[in-house]
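Peer 1: Since the structure of chain R is provided, determine the placement of chains U and X on it from the hints.
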Amino acid sequence: MMSHDLQWYYPEKISEALKLIKKEGIILHAGGTRILKTEARNLKGLVDISHLRLNHIRKEGKNIIIGAGCTLSDVINYCKKTNSFAGLCMALAEAASTPLRNRITVGGSLKDFPVWSSLYSPLIALNAKLELAGIKEIYSVEDYVKKNIIKTKHIIKQIIIKDDTDVICIVRRFNIVRFEYPIFNLAIVFKVKNKIIMDSRIVITGVKGRFHRFKLSEKALNGNALTEEVIAKSNEYFTPKFHTDYKYSPEYREHVAKVYFNDIVNELKEVMK
Amino acid sequence: MKNYDSEKHVKGESQFVDDLLTPMGLLHIIVFASSVAHGKILKVDYSEALKSNGVAGIITAKDIPGENQIGGIIQDESLLAEEYVHFIGQPIALVVADTILHAKDACAKIKIEFEKLPVITDPREAFKKGELIMPPRVFACGDVENTWKQCDYVIEGIAESGGQEHLYLETQGAFAYPLETGGIKIISSTQGPTQVQRASAKVLGLPMNKVEVDVTRIGGGFGGKEDQATTWGCVAALAAWKLNKPVKVILSRQDDMRMTGKRHPYSSDFKIGLSKEGKILAYQVTFYQNAGASADLSPAVLDRTMFHAVNSYYVPNVKATAISCKTNLPPNTAFRGFGGPQGMFVMEAALYKAAEAMGMEYRKLQELNLMKEGDEFYYGQTIENSTIQKCWQETISKYDVDSIQKRVNEFNKKNKLFKKGFSLMPVCFGISFTNTFMNQASALVHVYSDGSISVSTGAIEMGQGVNMKIRQTVASVFSVNIDRVKMESTNTTRAANTSPTAASAGADMNGKAAEIASHNILERLIKVAAEKLNVKETSLIEFRDETIYLSGKAELTWFQLVQVAFLSRTNLSSQAQYAVPGIHFDRTINKGKPFAYYAIGSAVIEVTLDCLRGIFEFDSVKVVHDYGKSFSFVVDRGQTEGAIVQGLGWMTIEEIIYNKEGKLLTDALSTYKVPDIHFTPKEIEIEFLETIENVAGIKGSKAIGEPPLMYGIGAFFAILNAMKAFNPDKEYKLSAPITPERVLCELYSENVLVSV
Amino acid sequence: MRQVFNINSVEKELLLNPGDTLLQTLRDNGYTEVKCGCSEGECGACLVLLEDMPVNSCQVFALSVKDKKITTLKGIGTIYHPHKIQKAFVEAGADQCGFCTPGMVIASYALLKKNPKPTKQEINEALDGNLCRCTGYVKIVEAVEKAATEIASKNV
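Protein chains in written order, with the working numbering: chain R, 1 to 273; chain U, 1001 to 1756; chain X, 2001 to 2156.
I should point out that these hints are in silico values taken from the structure, not numbers from a laboratory. Even glycine gets a Cβ: it sits at the ideal position worked out from N, Cα and C. Among the hints, erroneous ones may be present.
[Stated by the list, open to error] In silico SDA-like links for lysine to any residue, alpha-carbon gap of 25 Å or less:
(1) Lys247(R) to Glu1661(U)
(2) Lys1629(U) to Gln1393(U)
(3) Lys273(R) to Asn1415(U)
(4) Lys247(R) to Lys1733(U)
(5) Lys233(R) to Leu1417(U)
(6) Lys111(R) to Glu2040(X)
(7) Lys1011(U) to Lys2154(X)
(8) Lys1011(U) to Lys2074(X)
(9) Lys247(R) to Glu1746(U)
(10) Lys233(R) to Lys1416(U)
(11) Lys1104(U) to Gly45(R)
[Said to hold, decoys possible] A few chain U residues that don't get close to chain X, going by computed Cβ distances all over 10 Å:
(12) Lys1062
(13) Leu1281
(14) Val1401
(15) Glu1617
Excised from the complex, chain R in its bound form (with noise of 0.2 Å):
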């Protein structure tokens, strides 16, 4: 429950945005959809993205641009119609029940790293970027996690995606029911040229530190066929560590994080077909 007296901002410059999160007790407001789960009462004031004009989704160039304004949906609306990043599409559209979707915006699973996101582990293996504002740097979102830019007093403008058509990109939610947060994410890209694979990224959230990329795994792959012994290699490397929950045993979600591997890549030996 927030005070009485909170204060609304709808401002209509970044810069503006800007000059009010840097105030003590003032934070950006996207879709509301942690509002609840973080009850803060000491709460001056909100500002409200909604004027700043961050829901655009376009290519521009090499790259596809999505503002941090976007919904889930709008993502996977525009996934679905350009027939782009398949795997994208299908995390969101794994993300969340179908009303979250429509609130849940991509700014704000990305900002400090909500327990619930599913944008994380894609985003990380598509090597996507983070246009931010306040800080006048463009991050990968790997970086943006690892060297803690997400603690920072900042607005994610955009995210930047390299629009590679030679890029497959596969994703794993798993989960029990829908309406539940996700036990982890894992996703893994793949370039294949001539039967062999190149570029690999296998990125797993819902880990210890966050989010863990698999460098021994992708090595094992890169640069050689799909065979049983570089699959196996790969898979020896691949050995996410989880929590301890009372929910879920490590042990469990390890051997099921490892199932999904070797789902992806048997999907991956398909798709080369």
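Peer 2: For chains U and X alone, coordinates are given in the frame of chain R:
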């Protein structure tokens, strides 16, 4: 025949407690509850809270004018904790303020100190420490001890079933206000208005006639509002009385999940003895019931567990010991099935294990031991016109179970990582409250001078269609259009001393009471008609389609007759009570005829198990059920489908987890998994058995609320069968819920996960 | 504070606190057809349409949608399609206690508006944010299929 409120529901016009128009000056209650599972209250400081914005008062046990006691069967439950607390979520004080936000803010300012005491959450541990709700009970017949040596096989084991959160979509709540005539009116989301009335009157030190409880409908009950709604009704009544203002208490979903009791988890030891042909000769079982911190309905739940300890089977020698264990958890309560499913689960588990040990097929063992006509249950009752065999045979033939078996076996031969499993589940569920005195209901029927009809009963509409059934019954007695009949809200001033709407018996008993009352009026109207038409022989008079016929000729309209009756000062109202005849149970020897009749059926359930992920899909649930002469296929089918899905959830994904300190960890919808639309079986097929009228039910129908839930038990064994197909050498634990994680952990040995 | 909202095609001034969710604001101002089942965005009982898209009103701040068109169950009144939905729900017996019904009807209405001939899978997807504890979902799906058939036959 649709539900009475359907049109209102789809238009958003149906009102629940929190929707009611409330008067100005309404105050809101937030309940300050215990944060420790067992402790002594050393010090509470309300001073800061009392100074908080908008606070009208903070009410504690000291302010209770009457008795601080809301226990039903056993008087062991206080409304507000005084010196000790016994579970996390136990109410200690009521913070009443002008807005919910102000009440919450004030609640956060209360300072409390506890001396922590040891916490027990496991029923067997409670038993060892002598923490019992009441002394253990034993139901027995024959001589179990001396039969073991006659058995070719004696199998022992442990079976466990978990709790289940009701998750009625409308959370607990009540709205109360003081009446000018002295006394309190409470609008409560309850299945038992008389229970709320009685407890509130006791708490306020008032006679029952000064407390009025009114209920129009509730947004789901499932047993969770049979006894547990009483707490919140009393909370509202107490605050309204103390502050002399209208007050409302509505629990948030998380508070509801944390503070209220659920289905009793059971841990049971079984021992079953069979002949080499597969006939059960003896069955011994000890049930450890996790009752929570106070009795609530535990003794009655325990009763029913014992009554259904042998499900649909004939067992000549039985000894069932039932122990209600006191733990530091919210008092567990009624939930669809009321202990029956838990008892049946152990029986099926015992048979399953026996089949394994004997190398026999589980379904053959089930079939061999099904009750036949004339067989007696071990507590002394026989089933009249038993359809147990018929339902079972019909299930096998109609759904071609032999083909299902063949198909499942072939699939399993061909597929390595996906396995199918199927299982049959017979159900035989006694209909009546196990406490005989509760098998009564009353109705009040008015025929107004314009021909419209008003019906009040003790039945609560919670979506099970009871209002529709009673309305239809009354309309058919008078042979009038159903639109003439209005179902009134359930109110203690119109139906007194009622039993809660539970035990699937609401429609039967209240329907019969309404039928009797209507017939009383009908008799008088027939006499009026005879007099008006100058006829001595009343059998020549016929009521049909709102018209009164004499020897086949239309003479009067319904309206005209009612007018004549009114002007001749005939009594157009009637109150009637119905007590279920022929039932009795002697608790000194635990024998008798406690049930009016039995609800019977069989189901076959097919699942597909993903042996790599542990997740499963229900391919089909196919049922043959004896509904008697159903008079609403839509309502009966709807109840069956809903109950089945709830039963499947109980056995598979609904898992309640408390930590060792007694804190509920699965206290939100994100952590407690309830069936969503993707969970439902791909196919649910229901056949209404061709059978005779059930004279003990209204219009020949049979009760339908609880029985179909138990078909869900079959899903557990279907999954176990699929697991066996994958790894036949393992001995699987008979412990529900069988979540996907448990499946995986059972399929593979402890530390070695399969190399994929 | 007071703020004008567009609800069911009517500009209405509502009384609210700046931190209230859309659910709280609607209910406090008399729109009790929008139900509160969990306040977590998990049960769907609070579904309303925001510019024709179903959203959980318990997860939306009222003041962040003051410029948007909001439709509650009572706003699905006189438009052609929804009548079929509401009728279909009643005929199929798709409601029992009725508490989840407003959310279910809203989700179904939004689906059929976007996709008048949904497959069973698509119906499941559209309703996957709605919990029902009473019906087991069977008749609800039947009702949506029924409504879709009705709509299709009218259009032929």
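Peer 1: Indicate, hint by hint, whether the structure satisfies it.
Peer 2: Hint check:
As the CA atoms of Lys247(R) and Glu1661(U) are separated by approximately 16 Å, the hinted pair is consistent with the 25 Å bound. For the proposed pair Lys1629(U) and Gln1393(U), the alpha carbon gap of about 20 Å is at most 25 Å, so the pair holds. This hinted pair checks out: Lys273(R) and Asn1415(U) have alpha carbons roughly 23 Å apart, not beyond 25 Å. A distance of roughly 19 Å separates the Cα atoms of Lys247(R) and Lys1733(U); the hinted pair therefore holds under the 25 Å criterion.
With a C-alpha separation of about 22 Å, the suggested pair Lys233(R) and Leu1417(U) falls inside the 25 Å cut-off, and the hint holds. The straight-line distance between the Cα atoms of Lys111(R) and Glu2040(X) is roughly 19 Å, inside the 25 Å bound, and the hint therefore holds. For the hint pairing Lys1011(U) with Lys2154(X), the CA-to-CA distance comes to about 22 Å; that is within 25 Å, so the pair holds. In summary, the hint linking Lys1011(U) to Lys2074(X) is supported, as the alpha carbons are separated by about 6 Å, within the 25 Å threshold.
Annotation: proposed proximity of Lys247(R) to Glu1746(U) holds, straight-line Cα distance about 16 Å (limit 25 Å). Straight-line distance between C-alpha atoms of Lys233(R) and Lys1416(U) comes to about 23 Å, which keeps the hinted pair within the 25 Å bound. Straight-line distance between C-alpha atoms of Lys1104(U) and Gly45(R) comes to about 21 Å, which keeps the hinted pair within the 25 Å bound. Non-interface status of Lys1062(U) relative to chain X is upheld: no Cβ of that chain comes within 10 Å, the nearest being about 33 Å off.
The Cβ of Leu1281(U) lies farther than 10 Å from every Cβ of chain X, with a closest approach of about 39 Å, so its non-interface assignment holds. No Cβ of chain X approaches the Cβ of Val1401(U) within 10 Å, the least distance being about 22 Å, so the stated non-interface status holds. Even its closest Cβ contact with chain X, about 13 Å, leaves Glu1617(U) beyond 10 Å, as expected for a residue assigned away from the interface.
Hint check: no violations occur; every hint is consistent with the structure.
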